[in-house]
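Asker: Sequence:
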Amino acid sequence: MPSSNQGMLVYRRLLGYALPYWKLFLVATLSMVVYAATDTGFAALMQPMLDHTFVEKDPNIIRLIPIAMVALFLVRGITGFLSVYGMTWVGRKIIQVMRSDIFRHLLGMPTAFFDRTPSGQLVSLLTYNVEQVSRAATNAITTIIRDTLTVAFLLGWMMFISGRLALFFLFLGPIIAVLVRYISKRFRQISMRIQRSMGSVTQIAADVIEGQKVVKTFGAQAYETKNFERINERNRYLHMKMAATSAASVPVVQFIAACTLAGIIYFATLEPVLETLSVGSYVSFITAMLLLLPPLKRLTTVTSSLQKGIAAADSIFALLDSDTESDKGTRVLQAARGEIEYRNVKFSYRPAGAQVLKGISFAARRGEIVAIVGRSGTGKSTLVNLAPRFYDPNGGTILVDGRDVQEYTLASLRDQIAMVGQETILFNDTVANNIAYGRLEQSSEADVRKAAVAAHAMEFIEQLPDGMNTLVGENGMLLSGGQRQRIAIARAILKNAPILILDEATSSLDSESEHMIQAALETLMRDRTTLVIAHRLSTVKNADRILVLDEGRVVESGRHEALLGKDGYYAGLYRTQFHDVKTA
504 MPSSNQGMLV YRRLLGYALP YWKLFLVATL SMVVYAATDT GFAALMQPML DHTFVEKDPN
564 IIRLIPIAMV ALFLVRGITG FLSVYGMTWV GRKIIQVMRS DIFRHLLGMP TAFFDRTPSG
624 QLVSLLTYNV EQVSRAATNA ITTIIRDTLT VAFLLGWMMF ISGRLALFFL FLGPIIAVLV
684 RYISKRFRQI SMRIQRSMGS VTQIAADVIE GQKVVKTFGA QAYETKNFER INERNRYLHM
744 KMAATSAASV PVVQFIAACT LAGIIYFATL EPVLETLSVG SYVSFITAML LLLPPLKRLT
804 TVTSSLQKGI AAADSIFALL DSDTESDKGT RVLQAARGEI EYRNVKFSYR PAGAQVLKGI
864 SFAARRGEIV AIVGRSGTGK STLVNLAPRF YDPNGGTILV DGRDVQEYTL ASLRDQIAMV
924 GQETILFNDT VANNIAYGRL EQSSEADVRK AAVAAHAMEF IEQLPDGMNT LVGENGMLLS
984 GGQRQRIAIA RAILKNAPIL ILDEATSSLD SESEHMIQAA LETLMRDRTT LVIAHRLSTV
1044 KNADRILVLD EGRVVESGRH EALLGKDGYY AGLYRTQFHD VKTA
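Taking this note's numbering, I'd label the letters of the sequence shown as residues 504 to 1087.
Source of the hints: derived by calculation from the structure; they are not laboratory data. Be a bit skeptical, because a hint or two may be false.
List time: in silico EDC-like cross-link candidates among lysine to aspartate or glutamate, alpha-carbon distance up to 20 Å [as the list claims (entries may be wrong)]: (1) 849 / 895; (2) 861 / 830; (3) 831 / 732; (4) 849 / 1047; (5) 998 / 1054; (6) 953 / 977; (7) 849 / 944; (8) 861 / 1047; (9) 831 / 948; (10) 861 / 910; (11) 861 / 904; (12) 953 / 969; (13) 998 / 895; (14) 849 / 1025; (15) 744 / 727; (16) 998 / 871.
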């Protein structure tokens, strides 16, 4: 939780987002100054209206008072609109820029960050937290500036009428200051808990929506409902604590003000004071004091949205200040030959964690197909994920075309690599845009169609309602697993990169689809360096080299026939799988 000083620094940084729009901010602020003065103007009108109209019956003042009243509220209306609209415009612009900053920063965050951070927390940060910042940047600052000036102007007028009575009212200041300080601290504490609670609500909802088939299949509706209700109740409870603090602070401040008002009325009716005040001055003083109560109330309650905004901004700035992917390379890799070499590569997901890869060394020459096999959990996917630098090794070196991958810029390195993973990722867009993803501007319709044909995807695409323009749904849920996989393979074909990574690329296909895709992949892999992870060993028989991994080490290496001839680890895997297929 940020301290008071840190909270002020956070808020100053937040207001720094308003600097590009300082002209409109200044207009809105000046409008607030004039708006705040209108309350004092109204209280000031009470004096001549009573003294010169009802007491002295001055005809000139009688004619001027209605005109002055209309003019005053006309100015109040115009400046009120300018201040609210101007501050809201600046505030929403701040939110737009901040959301863009968060989104761009998330795109640059390392894969390890997403491994350890729940997606619901990030979605909540981008939606709920940013909206809290919006309220702090617009409503709160409008209230603070306008109502603080209103209080200052009214107090000044009260001092002008009667310094002794105004000093009595000023006793309120220290009491309210202590109260606001306590409320601010409590609001900030609760706000931080509410943000974490909202992240949990979002995360559970996202998990259940994404895994709704699993929930239904295993009859976990009651469990998930109970889990969600627990988090939802926690969220409600925290909001009620916030509401209770806010609701209790208002009557306390009003009670203190009412006691002060009663005291002032009592002292104002004493003979020495009455002799120094006219009827108009007395009513004007009381009017100013009554007009003080609403802004004092708003200044007390604004603490809630202000502290929510500071807590939200603190979490947002913590993300924006976190390190993005290391991209210190200066060399641009263009038209790579596709030579890959791993030299004694070691890797663990946590600094003090167990090593997943323990000194992996191998080389793949241009155009070679290197297959990586082994039981689940032996580090196969981790091994290929190091090539495009989704992770960096803890030891050893990975080279592409004879140079350490750290020397290349991330964008140019990844531009030379196409990847089809075991988890097919499609976006809620058309079939054509999913195939041309990342290459929409430089890919023609003919190029996209050619890639779809090569991936044997046109057979089902032509049967879709709108063909290439058919929306595939969230993560391609309107397509079958095999269809999604073929679109992903078409995307890799269209990229036409010299390095290809296939991580269980045919895992979601039936036998007929796999046969078609295997033919397409053989064409795709020609003259390209390919790293293949395959669970079904029948798909890697023609690889130039097979690396057999066990517990993070290469225990065997060679071609299919040679490895079978050794009757070692690979042969055991092959016999086990072949036996399972026969049994099935």
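Asker: All the hints need checking, so say for each whether the structure fits it.
Answerer: Now the hints, each set against the structure:
1. About 10 Å separates the Cα atoms of residue 849 and residue 895, which keeps this hinted pair within 20 Å; it holds.
2. Note on residue 861 and residue 830: the hinted pairing is violated, with a Cα-Cα distance of about 25 Å set against a maximum of 20 Å.
3. This hinted pair does not check out: residue 831 and residue 732 have alpha carbons roughly 47 Å apart, beyond 20 Å.
4. Straight-line distance between C-alpha atoms of residue 849 and residue 1047 comes to about 24 Å, which puts the hinted pair past the 20 Å bound.
5. For a cut-off of 20 Å, the pair hint linking residue 998 to residue 1054 is broken: about 34 Å separates their Cα positions.
6. About 25 Å separates the Cα atoms of residue 953 and residue 977, which puts this hinted pair outside 20 Å; it is violated.
7. Using a Cα cut-off of 20 Å, the hinted pair residue 849 and residue 944 is violated, with the two alpha carbons roughly 39 Å apart.
8. For the hint linking residue 861 to residue 1047, the alpha-carbon distance of about 23 Å lies beyond 20 Å, and the restraint is violated.
9. With a CA separation close to 36 Å, the supplied pair residue 831 and residue 948 exceeds the 20 Å bound.
10. Straight-line distance between C-alpha atoms of residue 861 and residue 910 comes to about 23 Å, which puts the hinted pair past the 20 Å bound.
11. Using a Cα cut-off of 20 Å, the hinted pair residue 861 and residue 904 is violated, with the two alpha carbons roughly 23 Å apart.
12. Our distance criterion of 20 Å between C-alpha atoms is met by residue 953 and residue 969, whose separation comes to about 18 Å.
13. Restraint check for residue 998 and residue 895: the C-alpha separation of about 24 Å exceeds 20 Å, so the hint is violated.
14. At most 20 Å may separate the alpha-carbon atoms for a hinted pair to count; residue 849 and residue 1025 exceed this at roughly 31 Å.
15. Between the alpha carbons of residue 744 and residue 727 the distance comes to roughly 26 Å, so the proposed pair goes past 20 Å and is violated.
16. Of the supplied pair hints, the one linking residue 998 and residue 871 holds, its CA atoms being roughly 19 Å apart against a limit of 20 Å.
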